[in-house]
Amino acid sequence: MFFQYVFNGIAVGMAYALVAVGYSLVFGILRLINFSHGAVYAFGAHVVLLFIGLRYPIWIGILVSIFLTGILGVLIDKFALAPLRKKKSLPIASLITTIGVSYIIQNLLMIFFGSERKSFPNFFDMGGLNLANVPVTSSQLFLFVISLLLLLVLTLIVKKTRIGLAMQAVEQNTKAAHLMGINVNFVITFTFFLGGASAAIAGALMAGYYQLVYPTMGFLVGLKAFAAAILGGIGILYGSVVGGLVVGLSESLASGYIGGTYRDAAAFVILIIILIIKPTGLFGKKGISKV
Amino acid sequence: MKRRGIFLALSILVFALIFVTGAGAAEEKIAKIAVYGPMTGEHAEYGLGFRYATELQVEKWNKQGGAGGYKLEVVVFDDKNNGEEAATIAERVVEDLDVVGIIGSYVSGVSMAATPTFQEAGLVNISASASHPDFTSAGDYIFRNNTVISVEGASTVRGVDKVLGAKKIGLLSIMTDWGRATAAIMTKLIEDNPNLTLVIHEECTDGSDDYSTPIANFKAAGVDAVIIVGMHNTFVPFARQYRQQDPKIGLAAFANLYDDQVLKLGGEYVENTVFPVAYFNESDEPNIVEFRDAFHARAGKNPSSLSAQAYDAAGMICEAIEKTKSNDRAKIRDYVANINYDGVGGEIKFDSRGEAQKVFMVLQIKDGKFVKVD
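Just so you know, the sequences run in chain order F and U. 121 is the number that my numbering gives to position 121 of the first sequence; each next residue is one higher, with no gaps. Adding 291 to a residue's 1-based position in the second sequence gives its number in my numbering.
Isolated chain U, as found in the complex:
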């Protein structure tokens, strides 16, 4: 009698298990969107911005019941801003067949250590920040929702010319792969502008604290404005040190300055700086307002333009899953390649090389705020 009781209990248990797991498998189809970037270390704010943006986009889709019959998930990887880490992450990501697309990384050089793996495995990679000219040449699975630096740089030069009215230009560039390539492009852009003369070009190490020597050289060369080819960890200390010696020097840089951190760190020393952006928070468009407020609630600050581009990148992958109703990587890539996406950064289309075509506006820092001037 006792034994039969145990047998009965066991069989009920087995049936229950089969039933429960079977039912679960039937309703849960999962598609994962990966995001990688520096989540720790010096550039963590950018990586975390990408992460929050991706999460917000995915949460938005999941609230509407997922995309194309799939429940969406975000998987986050920390590459510590290191190419070797990025390459390892790439190997891991492509092996997880639920992953349909990956967003990241932050720095071009790091990203380009991973793109060959994505291309080989056929996984869509959309970068929200890479601006190295060769980024998308890894292949047809690699997209960039950021402009190549030549378009962005042209807007920087326009700002220096029209807004600052400077004539003699100094160029400061960080000695990285990106810094070198960008400095070459900027040199050409400045020389092509009849109103401007490039009088001096200085190089510095990325993330240096001491700019006394380049500043001394710029002052000796008598420049009106300096274009800083670097991230804001170079821009802010340089601006502070320069403005302390010469409060009138004109300063210009790139879209990565569009971050509240710059205002907080730079204070009065970054006033009047001009730089181009493709995304601007101060807008009445409902999708921008929704994103900005949601991001602010999550991160405690307004999204940078790079975070906004990550948000759109994730949106494009979500839309691709929705429209193709599949998690097939090749189909996702074909959809993204021909997408006409209406994002927070405007209309996004990719050209044959996988480059998003963007229109830039020029922002200026006035009274501790970002103001659109051109």
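Chain F with its partners taken away, still in its complex shape:
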């Protein structure tokens, strides 16, 4: 039983990690927690659903969704957040704006798609497997592997590419990066695009895993991924992965050994405990005060 719980937890945890990375990316650059991320994730899943409804193959749906959801991320920044930055408003204003944006997206989805749960094809189901007597579904394995690959790709983008280097520069010191000739606005746009794109992939994967799509699907996942990002140390990519796994495992084990109703609480209890012991999260560094 234990291994069964563990595997269930790891599979979902990787998907949380994928969403958590979106929080981390934006936080790294702007020191802003983007609470619209959960709604963006739901948007991504709905775009795929739309294209499946139009009888396109699923991979086209996912590719289009990655692109459109990335654009949505950019639009959120351009229309809701960039004007606030320009006016040098308080950080809390941006934070509340992102919450507002998430409600706008969620309700627009309800208007256009309806509020009910819609079925989504499990596009990566190839039946059950048995790994050392632990029954594992191929969907779980697929969810795990694809999430892992995508996280690797994201890490490579941030660590090894020119734009990634620019992102790191902006993260460390925006003003200095600007003086060195880095186009800070483009870096921010790119970061939001990357965040949106990763949310779209996570949305499609989770929709396929649970075979469900509905407008509020991002709410709880968004909160848990946020917990995962904080847990691992927000702004640190591998921290998000570890955080996602901890959240996934803790909720799976909690629902297994304490009771199904404690599932959603587990992630947040762990979050509180870790923040008490280590306020910056597992891998978080002390904040560098910018002068």
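Hints are computed from structural coordinates only; laboratory data are not their basis. Every residue gets a Cβ at the ideal spot worked out from N, C-alpha and C, and that includes glycine. Just to be clear, a hint being listed does not mean it is correct.
Computed from the model, here is a short list of chain F residues facing chain U with C-beta under 8 Å [as the list claims (entries may be wrong)]:
1) N8
2) E116
3) S119
4) Y210
5) S252
6) G259
Label-pair ranges, simulated between beta-carbon atoms [to be verified]:
7) F:G114 <-> U:E350: 20 to 28 Å
8) F:W59 <-> U:K640: 29 to 37 Å
9) U:H587 <-> F:P121: 24 to 32 Å
10) U:V580 <-> F:P121: 32 to 40 Å
11) F:L54 <-> U:V580: 31 to 39 Å
Sample of chain U residues at the chain F side, in silico, Cβ under 8 Å [as the list claims (entries may be wrong)]:
12) A335
13) T504
14) Q552
Please build the complex by placing chain U on the supplied structure of chain F, with the hints as guidance.
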């Protein structure tokens, strides 16, 4: 000369106004039937089903010239499936003296936030869906055109025993007020049946997406069938996830599964599921055919059993207005309490607690259709 002209014009206008409004007031006597429920949000399909059903019933009466000399109107309120909203709506509804009765809400817990207000103001409330045992105990103005869960649950257990032929039963319940109360009743019903043993009971949050843990536990306990105490937003994902791992597991649930949405969402994964209903669309009875077709034209899908019960609830209030020829709330309540109504859900009578007595049949999903099996 000019001034006299203006005076004349004004007086004609005044007379005309008095005449027109006076005449209007003489012929328009209005009685309103309120319906409230979740019209937006996750459970919107149920609230909208109640709304369409009520509107169809009222339109039917208005086509025949209204009821008891009153022209009927429907007023709709959205409680967003939230008890606080429901309580506020209740305050507003009881203050509108044209309202003679209210139908709703969807979930027992939400409805029970509003029933004390209806009772205090003396406004008939008929619920088409509440199944919490304590729903009607708010008072003598509160009626339920749905059975208490113990009667419905007994039919679920009958289906599991006779139709599925299962022996070892698992119980999955959502952690709400209703889910807890129902799980307790189901536990007792299963234990009272000599053919069945309850081997495991799991709880989950309402509207959860992930059932991997309860499924793992059910499989480890070796159950033949699982009874799902929840709405179809719990049932369908659970069924899909379970059947993917074990296509042979028996599934059983409650009347709220009787909704085309379940077939559409569940597909092959909900095959052979058994559940009880008091209303079934596949019938030749003219009133059922009329309602089903009208509902389909309005909503684009067949009515669920809950929508049918809302249709009958509205019908009972209409009949009460017709027979008492009044919009007096107390008279309406007395009529409803002693009604013998011939509705789409069969003969409806209320007992002294305001509970409709219903007979259930067992349906099974076969080849993507609802089939009557018992």
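Going through the hints against the structure:
Because the beta carbon of N8 (chain F) sits about 4 Å from the nearest beta carbon in chain U, less than 8 Å, this interface hint is met. The interface hint given for E116 (chain F) holds, since its Cβ lies 5 Å from the closest Cβ of chain U, which is under the 8 Å cut-off. Because the closest C-beta pair between S119 (chain F) and chain U is about 5 Å apart, less than 8 Å, the hint holds. At about 4 Å, the closest approach between the beta carbon of Y210 (chain F) and any beta carbon in chain U falls short of 8 Å, and the interface hint on this residue holds.
Contact between S252 (chain F) and chain U, as hinted, is supported at the beta carbon level, the nearest pair being about 6 Å apart and thus within 8 Å. Hint status for G259 (chain F) relative to chain U: holds, with the closest Cβ pair at about 6 Å, below 8 Å. Checked against the given bound of 20 to 28 Å, the beta carbons of G114 (chain F) and E350 (chain U), roughly 24 Å apart, stay inside it. For W59 (chain F) and K640 (chain U), the Cβ-Cβ distance of about 59 Å falls outside the hinted range of 29 to 37 Å, so the restraint is violated.
The beta-carbon spacing between H587 (chain U) and P121 (chain F), approximately 27 Å, falls within the hinted interval of 24 to 32 Å. A beta carbon spacing of about 36 Å between V580 (chain U) and P121 (chain F) agrees with the range 32 to 40 Å that was offered as a hint. Between L54 (chain F) and V580 (chain U) the beta carbon distance is about 35 Å. The supplied range of 31 to 39 Å therefore holds. Satisfaction of the interface hint for A335 (chain U) is found here, the shortest Cβ-Cβ separation to chain F being roughly 5 Å, below the 8 Å cut-off.
A distance limit of 8 Å between C-beta atoms decides the matter here; for T504 (chain U) the minimum to chain F is near 4 Å, and the interface restraint holds. Satisfaction of the interface hint for Q552 (chain U) is found here, the shortest Cβ-Cβ separation to chain F being roughly 7 Å, below the 8 Å cut-off.
Checked against the numbered hints given earlier, the structure breaks only hint 8 and satisfies all the rest.
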